[in-house]
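From first to last, the protein sequence lines stand for chains A and B. Here the first sequence is numbered in this note's numbering, starting from 1 and rising by one per residue. Here the second sequence is numbered in this note's numbering, starting from 1 and rising by one per residue.
Be a bit skeptical, because a hint or two may be false.
[Claimed, not checked] Mimicking DSS-like on lysine-lysine, the simulated pairs with C-alpha atoms at most 30 Å apart in a straight line are:
| no. | chain 1 | residue 1 | chain 2 | residue 2 |
| --- | --- | --- | --- | --- |
| 1 | A | 109 | A | 79 |
| 2 | B | 66 | B | 53 |
| 3 | B | 53 | A | 79 |
| 4 | A | 73 | B | 53 |
| 5 | A | 109 | A | 73 |
I should point out that these hints are in silico values taken from the structure, not numbers from a laboratory.
The lines below spell out each chain.
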Amino acid sequence: MPVLSSEIDRDALTLTFVAEFDGSVERVWQLWEDPRQLERWWGPPTWPATFERHDFTEGGESRYYMTGPEGEKARGWWKTTLIDEPRRIEFDDGFSNDDGEPAPGDPIKGVVTFEEISSGTRFTIVSTFGSPEYFEEVLGMGMEEGMRGALGQIDGVLADARQSH
Amino acid sequence: MVTSEASESETDRVFQALSDSTRRNIVTRVMRTEQSISQLAQHYNMSFAAVHKHVAVLERASLVTKERRGREQIVRGRVETLRGASHLLNTYEEIWRQRAQQMDALLSETQEKG
Chain A
1 MPVLSSEIDR DALTLTFVAE FDGSVERVWQ LWEDPRQLER WWGPPTWPAT FERHDFTEGG
61 ESRYYMTGPE GEKARGWWKT TLIDEPRRIE FDDGFSNDDG EPAPGDPIKG VVTFEEISSG
121 TRFTIVSTFG SPEYFEEVLG MGMEEGMRGA LGQIDGVLAD ARQSH
Chain B
1 MVTSEASESE TDRVFQALSD STRRNIVTRV MRTEQSISQL AQHYNMSFAA VHKHVAVLER
61 ASLVTKERRG REQIVRGRVE TLRGASHLLN TYEEIWRQRA QQMDALLSET QEKG
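Build out the structure end to end from the sequences listed, making use of the hints.
Encoded structure:
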């Protein structure tokens, strides 16, 4: 089992996930770059992914769908926002409408880093769920008044963090 | 370690529930205010049976509850499932565990090939 640690921050709405792989940084990078390899791990086992488009360049976009046990399709999109081969990838990932184009709501922001270690590669992904709108549009969250307030505060914190970049 | 049969099928259920834009819309609607299946059917230009099917999928993912009231079936959002974003984050964590396992399998496959 390659997972080292996994940490959920419920206030900041982030997941930090660290795993180690037996393989060079360059080899692990290919798993992200090559759509045919990417689709063999992106979807859960019962929801295999198909990438119809994968423009793995800064500003490039991807379109994919995952096919469920009953043939239903879950569509999603990617926008690669930063590439520093073979060390770092930043991308946005969101739900798509049935036509494959992005659905309303903020995407999940992912920051992926690869570090060379003696046994291979340490992989870290920090995923951040964006604004209250994401929950309202996609999950119907934030309809509860208390939740709306809490998420509003988080949005403020995230906006501050963005400005300080 | 949360890797278990139960959490995997939980992931499946949430995926299935949210894979459809009508279902996402139903969740948003019933979180705001409870509605009967017939009321929902009016919004979507869809048969009662079709909406009933969507609601059943959402019910399996614990996103809504359904309760019979007289001749109506009332659908309500399960705010407690979504509260604190725990459900979503836990599901997302499980997704990354599965992805890491699959990446790992793929890497060992290419190594064997040499």
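Outcome of the hint check:
Distance check on the hinted pair: residue 109 of chain A and residue 79 of chain A sit about 10 Å apart at the alpha-carbon level, within 30 Å; holds. With a C-alpha separation of about 12 Å, the suggested pair residue 66 of chain B and residue 53 of chain B falls inside the 30 Å cut-off, and the hint holds. With a C-alpha separation of about 33 Å, the suggested pairing of residue 53 of chain B with residue 79 of chain A is violated against the 30 Å cut-off. At most 30 Å may separate the alpha-carbon atoms for a hinted pair to count; residue 73 of chain A and residue 53 of chain B meet this at roughly 16 Å.
Restraint check for residue 109 of chain A and residue 73 of chain A: satisfied, since their Cα atoms lie roughly 22 Å apart, inside the 30 Å limit.
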